[in-house]
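**Student:** The primary structure of each chain is shown beneath.
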Amino acid sequence: MLATEWYNTNMKAGTKFALGAVLIVGSVGYLMASGIKQTGQYFLTPSELAQRVSADPSFYDLGLKVGARVVPGTVSKEIATQTLRFHITDGTVNYPVVFKGLPPDTFTDSVEVVVEGRLQRDGVIHATNVLAKCGSRYEAVPKA
Amino acid sequence: MPLLGHLSLWLAFLVGLWGAITGFAGGAPPQGRADLQQSARYATFAMFGALVVAVISLEIAIFRHDFSLEYVAAYTSRNLPTFYLWSALYAGQKGSLLFWATVLSLFAALVQAMTSGRHRVYLPYVAAVTCAVATFFITVMLFAANPFERLAFVPLDGRGMNPQLQNPGMVFHPPMLYLGYISITIPFAFAIAALLSKRLDSDWLVAIRKWTLVSWLFLSIGLLIGMWWAYVELGWGGYWAWDPVENAALLPWLVMTAFLHSVMIQEKRGMLKKWNLALIIGAWLLSIFGTFITRSGVIASVHSFTQSSVGYFFLVFLVLAAALSFWLYASRLPLLEADATLESMVSREASFLFNNLLLIGIAFSVLWGTLFPILSEAIKGTKIMVGPPFFNQVNVPLGLALLAMTGIGPLIAWRRASIPNLRRQFAVPLTSGVFVLLILLVAGVRDIGALMAAGIGGFVLGTVGQEFARGARARYRQYGESTPYAIIQLLTRNRRRYGGYIVHVAIVLLFVAFAGMSFKTETEATLRPGESAELKGRDGHVYTFTHLGISQYNALNRQVTAALIDVRRDGKAIGRLRTEKRQHVDALGNNTFEPSTEVGIMSGLRVDLYVVLAGLVNGTEQAVFRFTINPLVWWVWFGGFVLVIGGLIVLWPGGAAVAVKGSRAPSTQAGYTVKLEAER
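The listed protein sequences correspond, in order, to chains E and G. Our numbering puts the first residue of the first sequence at 4, with every later residue one more than the last. Our numbering puts the first residue of the second sequence at 183, with every later residue one more than the last.
Any given hint could be a false lead.
Stated by the list, open to error - Covered by chain E, according to a simulated footprint, are these stretches of chain G (three or more residues, beta-carbon under 8 Å):
#1 513 to 525
#2 531 to 538
#3 563 to 569
#4 790 to 798
As the list claims (entries may be wrong) - Straight-line distance between alpha carbons at most 30 Å, and here's what the computed DSS-like set of lysine-lysine pairs gives:
#5 LYS392/G <-> LYS456/G
#6 LYS40/E <-> LYS103/E
#7 LYS15/E <-> LYS456/G
#8 LYS40/E <-> LYS562/G
#9 LYS380/G <-> LYS392/G
#10 LYS718/G <-> LYS702/G
#11 LYS103/E <-> LYS702/G
#12 LYS40/E <-> LYS702/G
#13 LYS565/G <-> LYS40/E
#14 LYS19/E <-> LYS456/G
#15 LYS718/G <-> LYS80/E
#16 LYS103/E <-> LYS565/G
#17 LYS80/E <-> LYS702/G
#18 LYS718/G <-> LYS103/E
To be verified - One side only, chain G facing chain E, incomplete, derived with CB under 7 Å:
#19 GLY543
#20 SER547
#21 PRO555
#22 PHE572
#23 GLN575
#24 VAL576
#25 GLU776
#26 VAL806
#27 ARG808
Because the hints were derived from the structure by calculation, they are not lab data. We put the beta carbon where it would ideally sit given N, CA and C, even for glycine.
Next comes chain G alone, as it looks inside the complex (with noise of 0.2 Å):
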């Protein structure tokens, strides 16, 4: 089997090529050649199908522990649960190229296989480019890190699979995350597609606006998922720490975010064409920019893999496709114009502008962050270093710029806003914003940070309470629905719109939970059985942690140290606690590994208790944990859990066509107040 992955990796590598250079040479209907055209479409099948083989021989070398492939040596052992069986596929550096690959592979026949009509002309040159992409990973397989390759001897066992992976969490996180970065391929290519082919209307946007929303929307889960993992088992009591894997991960959700937004415009009003398409094509260098990240070991971080030569395969493509692209762009320039200006600085666009801005720049700073250890030693010889409290300081305060223009921007009219108009959009919310603001002063809140979060997320809340109520309103006019049925009625009706303020309540609750981490609290302790410790919440309880006694058993692939402790709150019992240390052992009873932590958490609405275990004393049953009271945890998952509904609401098929205005400019004025006129 390992052989036939081998052979395919090689035929798919071969096939790729021959996409790419088909793609590229078959040219834009109707005026290349049509068989080329074709050629690089089966290409891309071809090339999936002998991905997925590379794959399954792989999947089948693992299920039967075949320790000859180093690959299936260094991440797996015998006595490895089955489900993590699965997860080993990416698990390590040379896995996860291959699992990128195939996706690639796959999202790019898919996009061959379900484009029709008229984007279809840009199908050669997008087959030629997601070839390209594919056949560069499958090359540093090859030549750098191949799954595939032997082992001089067959060890006995493998080493087994780190157990801080060995969570369920890990599991989904990688594939979320990958499908995320890997679609943005998509987009990337249509735009390159765009370019190559002069069709610079906004065709192409269509084309892919599905599919952006789709990364997106991979992105974000793979995201969170990604701060639960680092949350349960980790063991710090936080879920974002700004490590440079993190950040890299980022950066394209905010690029991809601002296009989501700017995208509009250029719908809408003809406008800022050169503006999304180095979008576009920013967010896909800076995924494979995370990519180089993650696995060059160039900057330190917790997450990265072994330090390897994948390194300068990829920093020589991320130059290369960097310098393609601008190219490429820069040759294109004259053609995208734009079909109109800015009318006014009160206006849809210019607060979209504003919003792009914003997010631009946190992207900035955060990338400036994540590079200032090796910029400032290459500019001043010294390695200087920035960790959370320069991203707390720089973005704290423009993440609440950004959090203001979600409210602010759907309340202005396309192109030019008049002061009734604003008056009346701008009453209520201003009102719900002002009302948070005073009862959290009332109840003692003093901490401008989350004051300044809770008021403007109120004023968010009131912006899309009143678009739904008069949105609702208009319909219990216009056809006598009820409140309910209306509300589900624009959900289906107009996704784009609703979806997209149910993705802005989202933020509110993530904004919100984010700022009530400030308010953390955290002892350590030494007990033995029977003793306690106390630690006062902000939520103004006293929590009493009680040490019950340890106990120590063998697990499957581990020796267990778990501690149990009662919980009391204000004095009553509330439940019981279990944190563990895990030695992980292989298959003859050797320790594989440092010991890990297993984290012990009760999750409420308004605080989650997390407790570690950090060891214990001489053996005996003394043990040292540590207790933290972290606030409205709780509601980053469930604003996670809100965001992901919106996307999909946004995403989901069918539903009325979104009118996009050609390269002329709008005769009437689209949108926002012409229903408001309607309205009335």
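Only chain E is shown next, with the shape it has when bound in the complex (with noise of 0.2 Å):
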């Protein structure tokens, strides 16, 4: 064996193969940590959104998604400037959200929706992002 080939001869292969092992493990485990410290977003009602913001004034300001249902009747579509507005609720605690863009195809008055974004301190939830969690997306929606 030639002495040039120092992978060979230094340390067992298997002991070498288990750092390198190690080494990507390692990084997949540091990645995801990472990723989900910077990325991770709470997903809270807007009853648990309420007790936490009373409990820990950071919460506001802070971005997270709200789960909740549009509450009928209180859509409203400024198409000029593109803003939307409407109430969420989940029965017990209502929060006013404002969105400027383009909101899904399945967004209705009725539907299930999680918000992304801030709760302000004027009380309104400033959304980046709204999605319409319609579990029966693929399926019709029997009309009332």
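Mind docking these for me? Both chains are given alone in their own frames, and the hints should help you get the complex.
**Tutor:** Here it is in structure tokens:
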């Protein structure tokens, strides 16, 4: 065996492979942990959000997601400025939402939505994204 | 007819149960009971027959508009185009379960009919496993989601199909994905059969190699069509959103890709037996897990079916199947000792192992991110969600490392590589990678991710080019063949190796196309007819979109509002785009569903122009648009096409048989290095 083949002589191949494996597994773990830390967002119901905000005002202006139902009859669209206003509720707590942009096709005034954005001090959720979390997306909604 | 279908389901249920029982009880030949083994075999044929009758009954009911069936009334209507009456079979939960079971029984019957020679010893257990899995699906239908369920009254018309499913992509995407998902059951069944019969030499691997490749190919096609559908139909301007259901389909694909590589190590060196079995079992469990996610509504997703009790069935099945498989696996571990050990970290084996670790690492992070809301709620009491930023942040570095392995792996000799060998192997590919990198740097690209993707891509292409060139040169020396002819000969003689390289080329194309998406530009504008919006693309051109006007008319099952847009590149007219809002209506003219959007796309080699009509301002012709310039999207579809071609080359029957080492360690150094010596 040539002395220049350092990678074959210094250590057992298995040990070196284990080091490589640890490196890969370690980076996967590190990437995941840092990814969650940097990009993870709370997913709350309006009641939970109200509770958190009253307990800890730092929840204002924090990027988060709120899952709730759109209150029927509260949706107003200003197409010219592309502003969408509506209220969301989980039955007990109600928050107004402002969203600038195009809502998804599935957005209606009684659909379940996931609102992504920040609750500001004015008590309004300024949304950066609205997802119509329609469990029955691929099934017709029976018309009342 | 519905009655016949319902009865066939019961028949399939009983036959499937019988097949599972006789298959397991019959055991493996020659010790097992031959009559029971034969009976299990016939059970798969009978089950397939019964399920086909059920499918035909359901399709007939759909075509006859028999709205007394809840399923027909829920997913079709009288004015649904005929084309989509076919796909209505799998447009809803219940029908898709029937489709699942039928395709599985088709595979179960095919594998019984087509397997020959020494692999036949596995067949009774394979019949048992496939029957058991199919019976589970039939059980779900019979007790929780019966497609032949009747309504108490007969509605005049059905509710119709969701407009977003009325797209050609949606006719082909689910069956392709299902074919991939479902056919994983066959390798899994062989793995279980090998474990049960304790015949754990490399024989079972050979038996399932093609089947694994078949599922991998179908999954790939299914994923690609799904991406295409999301791109042209959902209107958010992309093709991959890291949605839980997309992830669920990606997970088995990643694990199968890992298996397709590591299986070569077991064939050549008799190593990694435990790992390979675990991968196959894992891939199958992930496919069931994906089905569970899609159907249970446990994780919010745009794709999910209605929340239903079906989820519990799947959860119980998943837990049970996982427990049984792992118990069986653990009890056979002593039989799975490797025949050889890793000799050097700089060897083909080691590079495949690193490739496997990366693929599994990616799969694990995707699984973790998908499940994180549930995990965090269970552990910390708060739901924390991660989205595309998480998946990109984690998977871009891992994906680039994996891409690099794509180029490195084929360059390193089996067992142990020497320094001169490495030097000779890496010179051309590395030069090619650096060359690409320099070109892009000179061209002014500064995005690190894109530079790395392209540079590594150039390296991988260099590897593949070198492999083909050396192979062709060797053939020229030996047979005097011209280069094009020699390349065709390489592809037909050694399909697995050179077809695999074609797949690697496709992966490079896909990665570069994915990287292109980080250069997308977007603007929203409210325009009166005659007004225009400008958008500068990252290809250096300025695009002008002029709103020409709105037209409204009625089509078969919808009212259409269409906008026409004139497109100019740097002031020169290059064509027109059309985007629509569609309000679907039933036969009586009542609105069904919410309005849906038809995207206008002008596709080119460099950029796609992508226009969405968001709405009209108060019913006037003033309209709101979103204009997007998506770079390199065409290359995703082209890369996908190359991937499928490469997969087909590998899969094509015939060609040179690949020698398979038995349980003994090979006495000579196999494969690559030997070839190199001959080329000198």
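**Student:** So, for every hint listed, does it hold in this structure?
**Tutor:** Now for the hints, and whether the structure bears them out:
no.	hint	verdict
1	513 to 525	holds (count 3)
2	531 to 538	holds (count 3)
3	563 to 569	holds (count 6)
4	790 to 798	holds (count 4)
5	LYS392/G <-> LYS456/G	20 Å, holds
6	LYS40/E <-> LYS103/E	27 Å, holds
7	LYS15/E <-> LYS456/G	22 Å, holds
8	LYS40/E <-> LYS562/G	14 Å, holds
9	LYS380/G <-> LYS392/G	22 Å, holds
10	LYS718/G <-> LYS702/G	10 Å, holds
11	LYS103/E <-> LYS702/G	20 Å, holds
12	LYS40/E <-> LYS702/G	27 Å, holds
13	LYS565/G <-> LYS40/E	14 Å, holds
14	LYS19/E <-> LYS456/G	21 Å, holds
15	LYS718/G <-> LYS80/E	29 Å, holds
16	LYS103/E <-> LYS565/G	26 Å, holds
17	LYS80/E <-> LYS702/G	27 Å, holds
18	LYS718/G <-> LYS103/E	22 Å, holds
19	GLY543	4 Å, holds
20	SER547	5 Å, holds
21	PRO555	6 Å, holds
22	PHE572	4 Å, holds
23	GLN575	5 Å, holds
24	VAL576	4 Å, holds
25	GLU776	6 Å, holds
26	VAL806	6 Å, holds
27	ARG808	6 Å, holds
Checked against the numbered hints listed earlier, the structure breaks none of them; every hint is satisfied.
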